[in-house]
Amino acid sequence: NAGVMQNPRHLVRRRGQEARLRCSPMKGHSHVYWYRQLPEEGLKFMVYLQKENIIDESGMPKERFSAEFPKEGPSILRIQQVVRGDSAAYFCASSPRDYRGVTEAFFGQGTRLTVV
Amino acid sequence: AQTVTQSQPEMSVQEAETVTLSCTYDTSESDYYLFWYKQPPSRQMILVIRQEAYKQQNATENRFSVNFQKAAKSFSLKISDSQLGDAAMYFCAYRNYGGSQGNLIFGKGTKLSVKP
Chain A
1 NAGVMQNPRH
11 LVRRRGQEAR
21 LRCSPMKGHS
31 HVYWYRQLPE
41 EGLKFMVYLQ
51 KENIIDESGM
61 PKERFSAEFP
71 KEGPSILRIQ
81 QVVRGDSAAY
91 FCASSPRDYR
101 GVTEAFFGQG
111 TRLTVV
Chain B
1 AQTVTQSQPE
11 MSVQEAETVT
21 LSCTYDTSES
31 DYYLFWYKQP
41 PSRQMILVIR
51 QEAYKQQNAT
61 ENRFSVNFQK
71 AAKSFSLKIS
81 DSQLGDAAMY
91 FCAYRNYGGS
101 QGNLIFGKGT
111 KLSVKP
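Protein chains in written order, with my numbering: chain A, 1 to 116; chain B, 1 to 116.
Do not take every clue at face value.
[Claimed, not checked] DSSO-like, lysine-lysine: derived pairs with alpha carbons at most 27 Å apart: (1) A:71 to A:51; (2) A:62 to B:70; (3) B:78 to A:44; (4) B:108 to B:78; (5) A:44 to B:108; (6) B:115 to A:44; (7) B:70 to A:44; (8) A:27 to A:71; (9) B:115 to B:55; (10) A:44 to B:73.
No lab work stands behind these hints, which were simulated from the structure alone.
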């Protein structure tokens, strides 16, 4: 059973370009979460998605950032017109369901985005 | 809003010795979960240990144990018989009881070095 798969592991973009980060959740998981980790910082929650629905986007910047989790295929975090401040590691996590149990979310290895 | 504070940016321990990493948090909730995650240079986020706030007994996982002081809102991690492979960033995290598994609040982390 493969873990959470993120690609690419490293992504370099010039200022003004678009960045697309992909996340394939663990098999059987239908909930996906995106986090951003700035240098020397902890992970910050960005968005929580279920298939075809955004459940909580309270941590998403209002502009240039969007996320989707289509019925088929991976979840995509898209950053338009990237700026140097977007340079960070972006993590995806997945979980099988959302209930009040202790089942934790499982993290991918992250995508390191560098904006030059 | 909940917050998590790790006051030790860096810690060092001799191999085979014991080290304690500190974490405090702030919440008005009575039911919640607390976690310690390990992030080695590979960037993979690995769950080390979890604690349910309603449980008085401190969680233990092999060489890892916590000291959970609910009234003081303190959640420290003790690593016994430290090994070279324990060297990593350690993040303390909080989640509301009713929250989704992936909506975590992280501290800024403590970088642990293990000396041979």
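**OP:** List in ascending order the numbers of the hints, as given earlier, that are violated by the structure.
**Re:** 2, 6, 9
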